[in-house]
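> Take a look at the letters that make up each chain.
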Amino acid sequence: MSIQDKNTEMNDSGELLSTAPISSPDQYLHENPLYVDNQEKKPDQQKSLKPFQQSIRRFLRDKRAVISLGIIVFLILLTIVGPPIYQHIGIPYTNDAGKQVGPEVYHNPFRHDLDFADKPISARFWLGTDSVGADLLARLMQSLLISISVATAVEIIDILFGVTIGVLAGYYGGWIDQILARITDVMFAFPGLLFAILLTGIFGPASDLFLDKLPIIGQYGNARLIIVSIAFALTSWPMMARYVRGQTLQIKANQFIEAARTVGSSDFKVITRHIVPNLFSIVIVASTLNIAGTIIGEAGISLLGLGVQDPGSSLGLMIAERAQAIETSHPWEVLLPCIVLAIIVLAFSFLGDGLRDAFDPRSKD
Amino acid sequence: MVQQVQTPATTKTLLVEVKGLKVHFPTKRGLLNQTIEKVKAVDGVDLSIHRSETLGLVGESGCGKSTTGRAILQLIKPTAGSVKLDDVELTRLSPAEVRRKRAEMQMVFQDPFSSLDPRYTIGQIIAEPLENFKRGNAKQIQEEVTHLMEIVGINPHYINHFAHEFSGGQRQRIGIARALALRPSFIVADEPVSSLDVSIQAQVLNLLQDLQRQFGLTYLFVAHNLSVVKHISDRVAVMYLGRVVELAKSESLYKTPLHPYTQALLSAIPVPDPAIEARRKRIILEGDVPSPVNPPSGCPFHPRCWKAQAICREVTPPLEEKQTNHYAACHFPE
Amino acid sequence: MAANLLEVDNLKTYFYTRSGVVKAVNDVSFTIKPGETLGVVGESGCGKSVTALSVMRLIANPPGKIVDGHINFNGEDLLEKSTEELSDIRGSKISMIFQDPMTSLNPVFTIGYQIAETVKRHRKDVTNDQAWKRTLEMLDLVHIPDAKRRAKSYPHEFSGGMRQRVMIAIALACNPQLLIADEPTTALDVTIQAQVLELMKGLSQKYGTAVMLITHDLGVVAGICQHVNVMYAGHIIESASVKHIFETPAHPYTVGLLQSIPRLDEHHGARLTSIPGQPPDLINPLVGCPYGPRCPKVQARCRKEQPELMSVGRGEQVAACFYPD
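Protein chains in written order, with the working numbering: chain A, 1449 to 1813; chain B, 11 to 344; chain C, 22 to 346.
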């Protein structure tokens, strides 16, 4: 729907005059009630949506994507607030030595107690225990924490490097573009997983030794994750840079970029003010889908035994440990991490699809 | 060598002087990055534009008119030639100096839909040039933006609305407001009405004329529609394959076209009058508009020209004065 | 008196969108006689393209729908035909060419193949050789030089003007009775436009093909049309012979349109008379005349009643106005 604008008319002395403003259109419009109701809106009342807000609206209409977003948010909250809460829930019991064992102990993911090995779902152990007596729910939350942390770290590097270099390559072309092209060609030769295997194979034992002392990230067998994260980051930023470069070229073809240069904006201003904001949609979508890939990758590495080491937790590790258990009487020990992995990866994939459809509805087909 | 086309009046009346302008784009490079093939988009153009004048630049696709406009504004780097704005040689300025000069030379773009950044309000879009050149604090800039909107006929209430809420004609007005913001002396209008409906075209053309009178603007009006160009321009230059083939006052161009291409162009334009259409004799050109990758030898028009002789194939005719203030690049002008 | 080739009665085509129902074609009636060239003129949003697509039943459903009316072609209502019957009619009895020659041709087939395909689709008894012969005939007809060799070329090897001629060849290959041309020369350079229009005029005269030419360019209409419909806001607001439309336009919109076009033969510097305001809202059409808000002659009656097409006393000229010129 268009907005009525004013007419310019010239009076006898050659001055430009404006005629009736929108809030009081000419006689005709005022007296036609239907027209007034439908067309006459006070300027402030008229809803003015940024393209970003329009996209958010489109996104909210996609139920599958919204549900996926909900699941992801839930899982993230779970990993953050879950463990502390869980370690306060539960009734202490008395062990053989007569000591009181409270939930902060038995809901600890790193705790081994063979007395409670392979227990089914109970009031004490909400999802049961695994073969060494560790609470499965606690382990799952720890695993999810690992997955999400690795994915986040990788994605941050991915975006920083990918966007910066991609924009520069797309905007300036020339040697930056050539270098980017050659680097991406090389990195494409290394599939992320293999590269990670290579790096952990070489640096794994060393990292266990030296990074062991680092709190949280180094302890509990997580030291190798640093190597893994580096490996995935190195192999994913060239892809992001390529997407960003392509999108930058498309944006550059718009006349408003030329217009910005014409009105005296410096290259830096053109890039930061006009190009980067228009990259938002592609970066979000590429990131989300890349996160899904990283989670699978990390699980795969840990499954192969090259990632998180015992006593740490990872979805991959959990699956590997109990892969044989599928034939025994405790199949849930392996099915549980499988299902959780599937859910989180699907959630990110659907979220990525939903975001892409919301921000660029033309690509729906 | 192409001769100078304007008898030098006092330089003060000449705002823009273009001599020997060439813009060549390489299309194929060899192993050592040398140029094997290139597109000669602009191949030796001379133009002079007086203050407060409108010079029309007209031609079909591939003739190089848009490239000429952009090269004059230094948005595209000329391969050769000189461009003087108010006696300052633009081609020898550093990029920073060119950017400073932008306050004097602006452009109105063709596509109302891609010339405004969809992520910003029109207030921000019009303010951008003012911010770049620090024409006041935030409040003063806001006032100036409001003033500009009124000048072009957009209700200032809509200052915080986004480009997609406006129609094509309104967007063009916003683009004109943006071009006017720095009070330039020279504006290149690149097909400013080609994407608009006929009745809206008239509004925008009238606006451009009014602004010219009010602000003493000098226009280079680039378009493919000769009727529109003739209407708004004082003088018209016709381009073909990167060269100016005819240059004259609008009336003279229409009444006595000297170059065969101009004659064919004029005869091809449909006139909204069935009586005239029924009796006019059309010159139908053979073949297609040629591509500037491999321009013909000698006169670029000779393959399609019904008057072509041997000399036309061999010698490129220079743009010369054939009648008073009427220039043509032809060996056998009418 | 020959029967009408095409009779459109009270056509209504609406588009159902989230913002409301867009009444793109809102009660349109017109006729085309055999061999006649009808010009349909209007600005963007007036409904001229949607009318043409409705006649060809090419309206995408959803979101569009032909909600009312009759489209009588050779006495039969196209709205009652099945998809198969329509598919037989399209391309052989009624053909259409579109605005953008760049995207109208399939890039992966040679143009010869595309022309021959049309022939074979509609003339089942024709052999491959005969189809190919007809293809070369058509290419000659549309003045594509070196037809034998060029028939084996792909669309990207042709320029815009030549592609449009190939489109004409495809459209005329089965000798249709009606050719609908939707802005066929808008995307072409003016000298190429002249070539293509000459071609269309010549072919239509030679084969007696009726042409429905949709355009916003009144100059084009003056050159090749015999009768003109002017559309605005989904209605036909004036219909007359080409002579009357230009010499004695009746509807204020037509008058305004003619005055706002710069003409080559007019004096330089004269101010164009522009039509104030904006094109109308098709979702919430006004009560009364749709042109009212912009009309210099608007009266009280115009706001309340919507004028139907009525005679203005000059031959067959009709205009939807209470106070025509």
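Quick caveat, the hints were computed from the structure, so don't treat them as lab data.
Among the clues, some could well be false.
[As the list claims (entries may be wrong)] In silico PhoX-like pairs for lysine-lysine, Cα to Cα no more than 25 Å straight-line:
no., chain 1, residue 1, chain 2, residue 2
1, B, K50, A, K1700
2, C, K169, C, K102
3, B, K111, B, K144
4, B, K291, A, K1700
5, C, K227, B, K291
6, A, K1717, B, K144
7, A, K1700, B, K48
8, A, K1700, B, K87
> Run every hint past the structure and note whether it holds.
Each hint, compared with the structure:
1. K50/B to K1700/A: holds (23 Å)
2. K169/C to K102/C: Violated, at about 38 Å.
3. K111/B to K144/B: holds (14 Å)
4. K291/B to K1700/A: Distance of about 45 Å is beyond 25 Å: violated.
5. K227/C to K291/B: holds (20 Å)
6. K1717/A to K144/B: holds (14 Å)
7. K1700/A to K48/B: Cα-Cα ~23 Å, so holds.
8. K1700/A to K87/B: Holds, at about 17 Å.
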